[in-house]
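Undergrad: Input sequences plus hints: build the corresponding full structure.
Protein chains in written order, with numbering that gives the first Met the number 0: chain A, 0 to 279; chain B, 0 to 182.
You can take every hint at face value.
A partial selection of chain A residues facing chain B, derived with a Cβ cut-off under 8 Å:
1) Leu43
2) Leu47
3) Leu177
4) Pro204
What follows is a list of derived Cβ distance ranges for each label pair:
5) Asp184/A - Arg17/B: 18 to 28 Å
6) Thr146/B - Gln41/A: 22 to 32 Å
7) Thr147/B - Arg48/A: 22 to 32 Å
8) Asp134/B - Arg57/A: 18 to 28 Å
9) Glu10/B - Leu188/A: 29 to 39 Å
10) Thr147/B - Leu218/A: 29 to 39 Å
11) Asn50/B - Leu59/A: 20 to 30 Å
12) Pro155/A - Asp134/B: 55 to 65 Å
13) Asp134/B - Glu17/A: 19 to 29 Å
14) Ala6/B - Glu58/A: 27 to 37 Å
15) Arg17/B - Leu218/A: 36 to 46 Å
16) Pro189/A - Thr147/B: 39 to 49 Å
17) Arg52/A - Glu10/B: 19 to 29 Å
18) Arg33/B - Pro189/A: 10 to 20 Å
Beyond 12 Å from chain A on every Cβ pair, some chain B residues (computed):
19) Gly3
20) Thr118
21) Pro121
22) Gln168
FYI, nobody ran anything at the bench for these hints, they're computed from the structure.
Ideal placement from N, C-alpha and C gives every residue a C-beta, glycine not left out.
So the chains spell out like this:
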Amino acid sequence: MNIDDPKLTAYALDELNESERSAIARATADSPEVQRFVADTQDLARALRSQYRLELQRELISREKLTAIHGDAFWSQAGPLGIAALIAVMAVVGAVVFSSNQSRISAPTGLPLSRDLAGDHAKQFAPVEAEDAARSSQNEKFEADAGPYAFTGERPFVSVMSRPRASVPLVVNSASYLDVRRSIDAGLLPPRESVRIEGMINHFPYEYPQPTTGEPISLNLDVVTCPWEPTHRLVRIGLKGHQNVPVRADSRIEVEFNPRRVASYRLIGYDRPLSMRLFR
Amino acid sequence: MRSGRTAKREEFEEIVHRFEIPLFQYAQRITGDRELARDVVQETFVKFQRNGALRREEEPATWLFTVCRNAALNVCRKERRMIYVDEEAIEARESEQPMPFDQLEQKEATGFLLRIVGTLPPRQQEVIQLKFQNDLSYQQIAEIMQTTANNVGVLLHTALKTLRERYGQVAGDFIPFKPKPSE
Chain A
0 MNIDDPKLTA
10 YALDELNESE
20 RSAIARATAD
30 SPEVQRFVAD
40 TQDLARALRS
50 QYRLELQREL
60 ISREKLTAIH
70 GDAFWSQAGP
80 LGIAALIAVM
90 AVVGAVVFSS
100 NQSRISAPTG
110 LPLSRDLAGD
120 HAKQFAPVEA
130 EDAARSSQNE
140 KFEADAGPYA
150 FTGERPFVSV
160 MSRPRASVPL
170 VVNSASYLDV
180 RRSIDAGLLP
190 PRESVRIEGM
200 INHFPYEYPQ
210 PTTGEPISLN
220 LDVVTCPWEP
230 THRLVRIGLK
240 GHQNVPVRAD
250 SRIEVEFNPR
260 RVASYRLIGY
270 DRPLSMRLFR
Chain B
0 MRSGRTAKRE
10 EFEEIVHRFE
20 IPLFQYAQRI
30 TGDRELARDV
40 VQETFVKFQR
50 NGALRREEEP
60 ATWLFTVCRN
70 AALNVCRKER
80 RMIYVDEEAI
90 EARESEQPMP
100 FDQLEQKEAT
110 GFLLRIVGTL
120 PPRQQEVIQL
130 KFQNDLSYQQ
140 IAEIMQTTAN
150 NVGVLLHTAL
160 KTLRERYGQV
170 AGDFIPFKPK
180 PSE
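TA: What follows is the structure in structure tokens.
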């Protein structure tokens, strides 16, 4: 029997059934080379097991404590988040602030409203670019300390009549979230500049449905009454891409609001320029 | 007398205790990042609990490693901004391995054998880890890696052969693979 036969390794590792094992034992009984191979393989297996055990012990001793995974409080809070997953989420506040007559959105939450959000108007207007926030005149005062995470302040509300379209990059990464977590784990408040709201949302996976056949992405829309301002609505737009469809790294999502339904809006997050370190 | 809830909780904690670090190390190998691996393991246990896996009587290892692997691959896809990362792409990470074999020098150091494992192609590393860290069978590994038991056998055979050769190159004359008395 050839020592290049994977069956011999399986035999050495006791992965064969009784009849196969007996057959190989008979076939190799008078081959010192094969017997040495089997013994070497078993020695190697023992050494590997031993080293993995040592590695586990080292990890036990030296590792940081994984996020506390014991206790009901943890499960009740982190469970829903932990399940999440996905490619990209954009959070947008669609709010009515300029006209009290328009403050009640009559459409029920869910997809019907999603269609209303996309109007036929104002295609001539340039979209609000999420990364342009730092260049907005209303945010200029925040630019003085521009650094990798230059804090530019919250995005302002934007009139849908003047800017019906909002656009955000389809870039998902966890750098900001992980920075924040590392700081908290170390018992420190995270640097204000490192907290990117979109990073806190996009870090988690969400169980959005896979796109249907022929569609590159699935669109998932949630609309709820804003908890801190009942006349506003919070809108979350979740996209899940098909796993086999590559998407350019500089792709953007563009959302168009219908000015008949929404007076103004502001993006949540996306208020700091992306730093190069986020593109790992 | 313990309530059913308490018993389940203890059983769950025992499973967490038993698999937490092996899953963490498995996820870390796939994602290449400790922080992301932490999340992958957390997600795996959340799913485990939610799926009522505690009620099942079968060995949870296959289920846990499968879910962990899928979650880790999802993280790879996500972090690469929707660029699909398939098996071959992960295989291609071999060229990014931080420790090319010819740079290994501390042959006597503890864990040296595992450092040689770190120079193998990723799928070979994966079978080695699942087999010798977690004592899973060919069939269980095949289910986790979505392949056949035969293919697992070939991967393992090839990996062990390469390990033996590389270890022999640096180990010189001393008898390879004999555990030291202190171990």
